[in-house]
Amino acid sequence: MNTAINHLGVDDGTPSELQTMIADSVERLFAKEVTRELLERFDAGHGDDELWQRVVDIGLPGALVAEAAGGSGANWLDASPVLHAIGYWQAPVPLAETMLGAALLAHAGMEVPEGPITLIQAGRLGDLRLDPDSHRLAGRAINVPWARSCRWAVVADGDHLALVDLRQSAVTLAAGSNFADEERDTLVFGNADSQAIGRLQLAGLQEPVWHLGALMRACTLVGTLEAAVDKAVLYANERTQFGKPIGKQQVLQQYLAQMAGATGAARMAVQVALRSASELFDGTSGERSTLAFDIAVAKVCAGEAATLGASVAHQVHGAIGFTHEHTLHFATRRLWSWRDEFGSDAHWAKVLGQAAIAAGSEGFWAGLTDRSL
Amino acid sequence: MQALDIRPCRLDADAQALRTEVRAFLAQELKHYSPAERAKGLVGLVPEFTRKLGERGWLGMTWPKRYGGQERSALERYVVLEELLAAGAPVGAHWVAERQSGPLLIKFSPEVLAPQIVPGITRGETLLAIGMSEPDVGSDLAAVRTRAEKTEGGWIVNGSKVWTSGAHLAHYMITLLRTGPKEEGNRRAGLSQLLIDLKAKGVTVRPIYNMLGEHDFNEVFLENVFVPDDFVIGELGNGWQQVTAELALERSGPERYLSCTQLYLAMLDEADPQDSRHAVSLGRLAARYAALRQMSLGVAGMLARGENPAIPATVVKDQGALLEQAIPEVAHDLFGDQREPGSDLDQVMRFLTQSAPSFSLRGGTREILRGIIAGGLGLR
Chain A
1 MNTAINHLGV DDGTPSELQT MIADSVERLF AKEVTRELLE RFDAGHGDDE LWQRVVDIGL
61 PGALVAEAAG GSGANWLDAS PVLHAIGYWQ APVPLAETML GAALLAHAGM EVPEGPITLI
121 QAGRLGDLRL DPDSHRLAGR AINVPWARSC RWAVVADGDH LALVDLRQSA VTLAAGSNFA
181 DEERDTLVFG NADSQAIGRL QLAGLQEPVW HLGALMRACT LVGTLEAAVD KAVLYANERT
241 QFGKPIGKQQ VLQQYLAQMA GATGAARMAV QVALRSASEL FDGTSGERST LAFDIAVAKV
301 CAGEAATLGA SVAHQVHGAI GFTHEHTLHF ATRRLWSWRD EFGSDAHWAK VLGQAAIAAG
361 SEGFWAGLTD RSL
Chain B
1 MQALDIRPCR LDADAQALRT EVRAFLAQEL KHYSPAERAK GLVGLVPEFT RKLGERGWLG
61 MTWPKRYGGQ ERSALERYVV LEELLAAGAP VGAHWVAERQ SGPLLIKFSP EVLAPQIVPG
121 ITRGETLLAI GMSEPDVGSD LAAVRTRAEK TEGGWIVNGS KVWTSGAHLA HYMITLLRTG
181 PKEEGNRRAG LSQLLIDLKA KGVTVRPIYN MLGEHDFNEV FLENVFVPDD FVIGELGNGW
241 QQVTAELALE RSGPERYLSC TQLYLAMLDE ADPQDSRHAV SLGRLAARYA ALRQMSLGVA
301 GMLARGENPA IPATVVKDQG ALLEQAIPEV AHDLFGDQRE PGSDLDQVMR FLTQSAPSFS
361 LRGGTREILR GIIAGGLGLR
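Heads up: the protein sequence lines correspond to chains A and B, in order. Under our numbering, the first residue of the first sequence carries the number 1, and numbering increases by one thereafter. Under our numbering, the first residue of the second sequence carries the number 1, and numbering increases by one thereafter.
Hints were generated in silico from the structure; no laboratory data involved. For glycine and all other residues, C-beta sits at the position ideal for the given N, C-alpha and C. Do not take every clue at face value.
Stated by the list, open to error - Calculated Cβ distances over 12 angstroms to all of chain B for the following chain A residues:
hint, residue
1, Ala31
2, Arg36
3, Arg151
4, Asn178
5, Val188
6, Gly198
7, Asp230
8, Gln250
9, Gln253
10, Gly261
11, Gly264
12, Trp336
Unchecked claim - Here are a few chain A residues that sit away from chain B, every Cβ distance over 10 angstroms (derived from the structure):
hint, residue
13, Ala23
14, His46
15, Glu114
16, Leu205
17, Glu226
18, Gln258
19, Leu352
Unchecked claim - Partial list, derived from the structure: chain A residues whose beta carbon lies under 7 angstroms from chain B:
hint, residue
20, Phe242
21, Gly243
22, Ile246
23, Gly247
24, Val251
25, Ala257
26, Cys301
27, Ala346
28, Gln354
29, Ser361
30, Trp365
31, Leu368
Only chain A is shown next, with the shape it has when bound in the complex:
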């Protein structure tokens, strides 16, 4: 209800023209190309070079790279429909990783190579370190996304950023996968060379690949959750038992409302973090970036929503959703995988919890309103 005086609230979420354009083109591509057949072929071990080529054709890998450096010049909010769509359609390509890798290289003033790029935060998930003097890499990194499919890896260690050729003999690879059969490989670096070195200045992000990787996964999780809500609502309206659609049962309505609410909370947290990321990369954050806090919030909310959402989506679908034939598992296996990657919700909750305890009753509320915990 509107009172007589109506000052406008500042709308912080209306999509830009560029965002709408990117959303339209990526939706059109994935809706057509990411079919059940493609996902089944992928699960059977056949990656799809053609899908990657299509993604390259419309310029998605360079979405976050400035136009001057050969990219589309989109900020994180503008480019976010790509991440969302990877989740919504469960597109099995190293696109999110390549977008982030390219964005970091370009931000560090380094040249962006052709082809898919993977990401490693030194010291997380293994003991890999980049020697700041010799620029050589030694140690192990586990769960490296799509490493087999990528010639290049971006490694962040402190404020150093290294571009590393994974085809060199000093790098060995052991294949692995997540629950969704996406490549998650173990790499061992035996004093390997880096092909280029840069310095990354992103104030407040101590571990840029770890943080921004978490944001990227939170964003794809929200896309997947929305797909799972849509599938479950469609199924509940179609499936008839006891003479009426099962969606008329209050208990199913309650489950789905709760899943949608948790998804909405994650979506909001992700949108807020995307705005902060845009500002940090544009240099318009003001005196202090809230991004580290916003990302922790987003990954906790997205991870918790994934846990609830996968469970509800399966319960609503009944036995058919547990079959290989049904497409639900393409979504839920990704929910169970991505909630773990780049820090699980428990990991990021611990970070937030330690900050909240340090702030105490005196400082918590101010830290929450400033988003500085």
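With chain A fixed as given, assemble chain B onto it according to the hints.
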């Protein structure tokens, strides 16, 4: 999912300055309030505190000046509300009037009732209660049986209302009742809203003590109460639409996720940062606080822009109650068997654990809210 969508909304610099001012005021005013007193929040009824807010111009901030308002932005008002609640200020005396009754009167009776009643609300002197539920009518509001019969110059009202918060202190009650019959296929027809003077002849207010032994809500009996024609709010028969519009205001505010904040704060002071169990549990709650604050603020932005956020507001209330009810359970999990008797944590936990059941009942039960959300998702 589109019907549930909330776009983020950001506060401008003016809002920041106001926040600093409100914090300074509250630091002074609440200096001697213990955590247990702060935990009362929405059920803390302290008319003197309400009048002080009125003196500051912090009641009805967005309303037109002709009614005593300040014509400030909805987001500035939001800042004042969230600061009051986070600090645990006793806001119960004016909350309902400021949140929904004032806007209702301004919108539906701008020339007659609003000029009479609303200036008193902005001064913190006039308190209102809401009469919706009845002894046999809870979630199914269209079934109300209190009725008004036409008489010379007004209406004669008979019936009773229940769970009416603050009716023992309030001057008026906005009452949903039947002025005409239901129609074939439309049970919501024939409902109207009347403003009833609680000092009028035939009104009896009886306390209902809650399970904590405290007196917040009441039963209100109406026996041949005369209500003048001028006290009809809006149009006769339009009561359902008016009440529905009010509920969007009732469901999305910061009071829908901040009710257990004093317990959360008390836990932070007791927690051991080296204990992962403490950090993870309290961190999960911190993340939900952050997300809900943005959602609630986003709905405030939608209201400010004149959009209808009925379904998003419902999501905020449902998710907010989940957070509020999770907090006493975390307190039980982390500190249940080892808190010092009589400590701040103990007192706050005692009160809020036993208050928590009401958080998913008041303002629409969880089941009703989720039915509305399911409708927004396209489940029929």
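Evaluate the condition: distance from the CB of Glu114 (chain A) to the nearest CB of chain B exceeds 10 angstroms. holds, 36 angstroms
Taking C-beta pairs only, is Leu205 (chain A) more than 10 angstroms away from all of chain B? Holds, since 18 angstroms exceeds 10 angstroms.
Report holds or violated for the interface hint on Ala257 (chain A), using the least CB-CB distance to chain B and a cut-off of 7 angstroms. Since chain B brings a Cβ to about 4 angstroms from Ala257 (chain A), closer than 7 angstroms, the hint holds.
Just checking, Asn178 (chain A) versus chain B, shortest CB gap more than 12 angstroms? Non-interface label stands for Asn178 (chain A): nearest chain B Cβ at 23 angstroms, farther than 12 angstroms.
How about Phe242 (chain A): closest beta carbon in chain B under 7 angstroms, or not? Check failed: Cβ of Phe242 (chain A) comes no nearer than 16 angstroms to chain B, outside 7 angstroms.
Does the claim that Asp230 (chain A) lies outside the interface with chain B hold up, using a Cβ gap greater than 12 angstroms? Incorrect as stated: the minimum Cβ-Cβ distance to chain B is 7 angstroms, not above 12 angstroms.
Under 7 angstroms is the threshold here; is the Cβ of Cys301 (chain A) close enough to any Cβ of chain B for the hint to stand? holds, 5 angstroms
Determine whether the non-interface label on Gln253 (chain A) survives the test: each CB of chain B must be over 12 angstroms from its CB. At roughly 4 angstroms from the nearest Cβ of chain B, Gln253 (chain A) sits no farther out than 12 angstroms, so the non-interface label is violated.
Far enough from chain B: is every CB of that chain over 12 angstroms from the CB of Gly198 (chain A)? holds, 32 angstroms
With d taken as the least Cβ-Cβ distance between Gly261 (chain A) and chain B, does d exceed 12 angstroms? violated, 5 angstroms
Evaluation of the interface hint that places Trp365 (chain A) against chain B, nearest CB under 7 angstroms: holds, 5 angstroms
Quick check on the hint: Ala346 (chain A) CB to chain B CB, less than 7 angstroms? Hint holds; Ala346 (chain A) Cβ to chain B Cβ min 5 angstroms, cut 7 angstroms.
In this structure, the earlier hints numbered 7, 8, 9, 10, 11, 17, 18, 19, 20, 21, 22 and 24 are contradicted, and the remaining ones agree with it.
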